[in-house]
Every structure is written in C-alpha cells, then in structure tokens.
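Student: The lines below spell out each chain.
Protein chains: 2
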Amino acid sequence: MKLHILGCHSATPRSMVFPSSQVLEINNELILIDAGEGMQIQLRKYKHKFNKIRHIFISHLHGDHFYGLVGFLSSMRLIGREKPVHIYAPTGLKEITELQFKLTQTDINYPLYFHELSSNESELILETDHYTVKTIPLTHRIYTNGYLIQEKPALRKLNIDAVRQYPEIETWAYHNLKRGKDFVREDGSIIPNEELTLPPPPTKSYAYCSDTIYKPDIIPLIKGVDLLYHEATFLEIHKDLATKTKHSTAKQAAQIAKDAEAKFLVVGHFSSRYPDENQFKKEASEIFENVDIAVEGKSFLV
Amino acid sequence: MKLHILGCHSATPRSMVFPSSQVLEINNELILIDAGEGMQIQLRKYKHKFNKIRHIFISHLHGDHFYGLVGFLSSMRLIGREKPVHIYAPTGLKEITELQFKLTQTDINYPLYFHELSSNESELILETDHYTVKTIPLTHRIYTNGYLIQEKPALRKLNIDAVRQYPEIETWAYHNLKRGKDFVREDGSIIPNEELTLPPPPTKSYAYCSDTIYKPDIIPLIKGVDLLYHEATFLEIHKDLATKTKHSTAKQAAQIAKDAEAKFLVVGHFSSRYPDENQFKKEASEIFENVDIAVEGKSFLV
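Chains as they are written, first to last, in my numbering: chain E, 53 to 354; chain H, 53 to 354.
Don't take every hint at face value.
As the list claims (entries may be wrong) - Incomplete in silico selection of chain H near chain E, CB under 7 Å: (1) L113; (2) Y119; (3) Q157; (4) N161.
Since the hints were made in silico from the structure, they are not lab data.
Glycine residues also receive a C-beta, built at the ideal position from the N, C-alpha and C atoms.
All chains, full assembly: derive it from the sequences and hints.
Tutor: Structure follows, in structure tokens:
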C-alpha cells in the first residue's frame with residue numbers, strides 16, 4: 053500500500069494549496085479518500101489514472117472534504133468511464149450530487165452507487181478479494197467517519213524444498229496448499245500444511261482520521277496500524293480553539309499514534325494561521341517519533 | 053475596465069488548467085463571471101481580493117462554469133465577509149447552493165441574494181452608479197446567458213478657460229455643469245452647457261459570450277463593444293462537432309467579432325483535443341485581426 057497526498061489543508065483559502073484529498077494505492081487500485089475542491093486537477097498533476105478509482109470514501113459533509121467530488125464524477129463521464137464507482141459517505145451526499153446532475157442535465161452513464169452512512173458504531177462497509185474497509189466513528193461538528201483499510205492475508209508461499217521431498221505431491225495440489233490446506237494422500241494420511249508452506253508476508257493497514265476532536269476511544273479500532281493519518285488543525289498553543297471547533301492539535305494526534313502503537317503517523321489538515329508547517333512535525337515528534345507532515349504530492353509507503 | 057482570466061478551458065480535465073472563470077475590474081470593484089472549480093484558488097494566486105466582489109454572473113448550469121461557486125461562498129464566510137453578495141444565474145443555482153449549505157450545516161452570515169434568470173430576451177439585470185449589466189441570450193445545450201457590461205458616462209469636464217470668462221458662475225454651480233445642465237443667470241438668461249464643459253471620456257463596454265453555438269442574432273446587442281470574449285471550443289476542422297455540441301469554432305467567434313465591429317476579441321473555452329492553443333488565434337485572425345487567446349493569469353485592458 054502507498055498513500056499519495058493530493059491536498060492536506062483546512063478550508064480557509066490560500067494560494068495554490070488544496071483541501072483534504074488523498075489516494076491509497078493498493079493492489080493496482082486507487083482508493084480515493086475525501087475529495088476537496090480541485091482534487092481532479094491534483095490527480096492529473098500527479099498522474100494518477102481516474103480509471104483506477106473504484107471506491108470513494110468521504111469522511112464528512114464539510115465542503116473542504118467533498119466539493120471536488122461532483123466535478124470529478126462529471127469528468128469521468130466525459131472521458132468515457134464504464135466501470136462502476138462506489139461512494140461511501142454520510143447521508144445527504146447522494147441528494148446533493150443527484151440534484152447537481154439533474155440541474156446540469158448531466159447523464160452519468162456509468163454505474164454509480166451511493167452507500168450512505170449514519171451509524172455511530174464502527175461498521176465493515178466493504179470487503180474485496182484484497183482488503184476490507186471499516187468506519188472509524190469520529191467526533192466533529194457534523195457526523196464524521198474515519199476509515200480503516202486492512203489488507204487481507206496473501207496466499208501462503210510454497211516451501212519448494214519441503215514439497216520436493218514428497219513425490220506424491222503433484223503440481224495440481226499447490227492451489228490448495230497456498231490456501232492453507234493440508235495435503236491428503238490417497239491412503240488418507242496427512243502432511244500438515246505448515247510443513248509444506250511458509251506464512252505470507254504480514255498484512256498492512258492504513259487508518260484515516262479527519263476531522264475529529266482528540267478521541268482516545270478510537271484507539272482499540274486502530275491498534276497496531278501501520279500508517280495513521282490523523283488531522284492536526286492546530287498546535288497545542290491553540291488547544292482551546294481545537295476543542296471549540298472540534299479539531300485536534302499535533303500533540304493530540306501524536307498521543308493517539310503512541311497509544312495506538314501505530315508504526316508511523318502523518319499529520320495534516322493544517323490551519324492557515326501557521327506559516328511554518330514543520331512546527332506540526334516538531335510538536336508531534338516530542339510525543340511520537342515516527343511522524344511526518346502531509347505535503348501535496350508526497351507519498352508514504354505503508 | 054480590465055479583464056483578468058482565472059480559467060479558460062472546457063470541462064475535460066487536464067493537469068493544472070482551470071475551467072471558465074474571470075473577473076472584470078471596474079471602478080475598484082471586481083465582477084466575477086462564471087466560477088469553474090478551483091476559481092477561489094486562482095483568485096488567491098493572482099491576488100484578487102475576495103471582498104471586492106459584490107456581483108457574480110453565472111452563464112449556465114454546466115459544472116465547468118459554476119462548481120467553484122459554493123466553495124468560494126463558504127470561504128467568504130470563513131474570512132468574515134460582511135458586505136452583500138448578489139448572484140445572477142439561471143434558475144436552479146439557488147436550490148443547489150442552499151441544499152449544500154443545509155447539508156454542510158453552513159450558516160452564511162452575510163447577505164446573499166440570488167437573482168434567478170429564465171428569460172429568453174435580453175434584460176437589464178443590474179444598474180449601479182457606474183455600470184449596467186444586460187443579459188445576452190445564447191444558445192447552448194442548456195439555458196445560457198452571456199453578459200454585457202457597459203460603463204455609464206462619467207461627468208462632463210469643466211472647461212475652466214470658458215467658465216472664467218463668466219464671473220457670475222461661482223464654484224457652487226460646477227456640480228450641475230458637470231451633470232450637463234445649462235447655467236441660468238439671475239435674470240433668467242442662459243449660458244449653454246456645451247459652452248462651459250467638455251464631453252466625458254467615451255464609455256467602455258465588455259461582452260462575455262460563453263457557451264454558445266454561432267449565433268449572429270446577438271450582433272445588434274453587442275454592436276461596437278470594446279472587448280468581446282467569445283467561446284471557441286473547436287477549430288473549424290471540427291465544425292460539425294461544434295454544431296453537434298452547440299459550441300463555436302475560432303472562425304465563427306471571429307465572424308461575430310467582425311460583424312459586431314468589436315474593437316478586440318479574446319477567445320477561450322478550448323477543448324483539450326488541441327495541443328497548441330495558438331491555432332485558435334491563427335484561425336480567428338484570418339477573419340478578425342484584433343484577437344488574442346485567453347490564458348490563465350492574463351489581463352486585457354478594455
């Protein structure tokens with residue numbers, strides 16, 4: 053998995069910075085997470101193919117997280133999209149988007165599915181051959197979810213040296229061995245799978261948490277996550293403002309990463325009040341060392 | 053008057069080009085015309101102050117002409133806008149915008165007025181102290197208006213040498229002389245205004261025509277306009293495509309400028325199929341010499 057940042061700033065407009073949007077590359081697919089205004093321009097800039105996006109996750113219905121969506125969906129029509137698109141978002145996005153299509157007389161001629169969310173409990177909302185997606189209920193001024201994307205275990209690897217010691221294991225049996233099954237001889241005796249295969253590489257996981265107050269009760273959900281993106285709109289000197297606007301500070305984001313035993317933390321959604329965004333890294337690193345700041349165009353290997 | 057191009061491309065997404073949006077600078081005000089996605093980013097980039105915008109004109113409800121509006125209106129709330137904003141647009145934009153404000157729980161706390169348009173005749177839709185705005189009915193796949201912005205005549209200039217020959221004309225009379233009134237002596241006799249003043253500088257006018265088929269019946273409306281912006285989505289080799297999609301070619305835009313006796317033509321709204329946009333200038337200049345292409349960040353003095 054690889055995370056690519058398209059935009060990582062809060063709503064107040066600044067010259068040439070973009071609001072929240074990112075794509076997670078997984079198994080030759082791109083998962084789009086949030087869709088701030090201009091995100092289709094950023095996709096082009098960083099050469100991410102529109103057609104690789106099948107699943108879109110919107111955290112909450114504040115404009116800086118979804119105003120780029122409708123233009124992107126319209127553009128996909130223009131470039132001849134045929135494959136289905138699935139959107140997971142709070143209830144309401146379907147109504148907004150369909151009204152825009154109606155009034156702009158836009159006929160979306162590829163299959164488009166909205167999966168509207170309203171639960172305050174974590175839910176498994178998507179399971180593919182390669183990964184699962186669960187919601188992470190967050191607390192902001194409006195109904196908000198983060199998303200936890202977890203790879204599924206890959207196939208076990210054949211231990212060729214071990215397999216070759218048993219001439220009765222022919223190649224047709226490899227399919228089941230890779231899937232963890234024991235080998236059963238014609239006489240009914242068994243060669244245990246562990247003797248013939250090696251475990252697959254460990255699975256990776258990514259958690260996206262934006263926007264939210266400091267919310268330690270998400271920690272069990274994201275325990276041990278490989279990469280955590282957590283919003284840090286403010287620095288600790290503006291902790292009161294963070295509490296008031298239901299955002300987090302860099303220090304709070306780092307505390308979540310530390311307590312969740314995340315492998316790495318990326319912070320973003322910076323307020324425009326700070327001229328030097330490295331301050332966010334500095335503040336967070338005092339609590340949690342493995343941290344970096346989101347930067348447009350930057351990628352992070354999970 | 054001065055025209056500043058923020059974006060001038062058609063809807064198909066390209067790296068780092070923006071869809072239709074421009075501001076017309078007039079008497080220390082900025083008139084926003086169309087609002088494609090990302091236009092607030094462009095306003096910041098080219099250092100146009102949000103607060104100078106009081107009147108917004110949207111030509112039609114295709115996304116590449118208005119998807120940047122709602123984010124801009126939301127941003128003005130964030131930066132503490134207090135002055136009213138007036139939006140002139142086809143019927144429907146109010147419904148879309150208000151639904152977005154409702155679902156994003158955005159409380160627009162400055163006065164925001166929608167003036168919805170549905171007439172197929174040219175209308176005077178705005179008159180200020182300094183200028184008037186009339187619609188230019190266009191023909192596209194959806195209800196569309198261009199806009200004609202005309203300066204009002206300035207005050208006449210005092211001919212000081214002439215005025216001084218009449219000691220009976222005191223300074224309190226200048227106010228009326230500048231407004232074209234004759235001077236009336238106490239005995240009722242008259243000194244004609246023409247003898248005492250010089251005409252004001254000629255007024256300027258700007259016409260915005262996008263998107264539209266080739267439509268010669270707009271010519272009487274824009275006759276003698278100082279600056280004409282006319283869409284040229286295609287080159288003449290794709291004239292059939294222009295007709296089919298209800299757009300114009302560069303040659304057709306030039307023909308309109310020529311027949312309307314415009315002083316200068318700017319073409320824009322280029323399709324992404326053409327790698328070299330100078331082809332539009334070349335084609336148009338064969339019909340009408342005073343022509344240039346729109347470029348993001350470029351300004352044209354009216």
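Student: Which of the listed hints are not met by the structure?
Tutor: Hint 4 alone not satisfied by this model.
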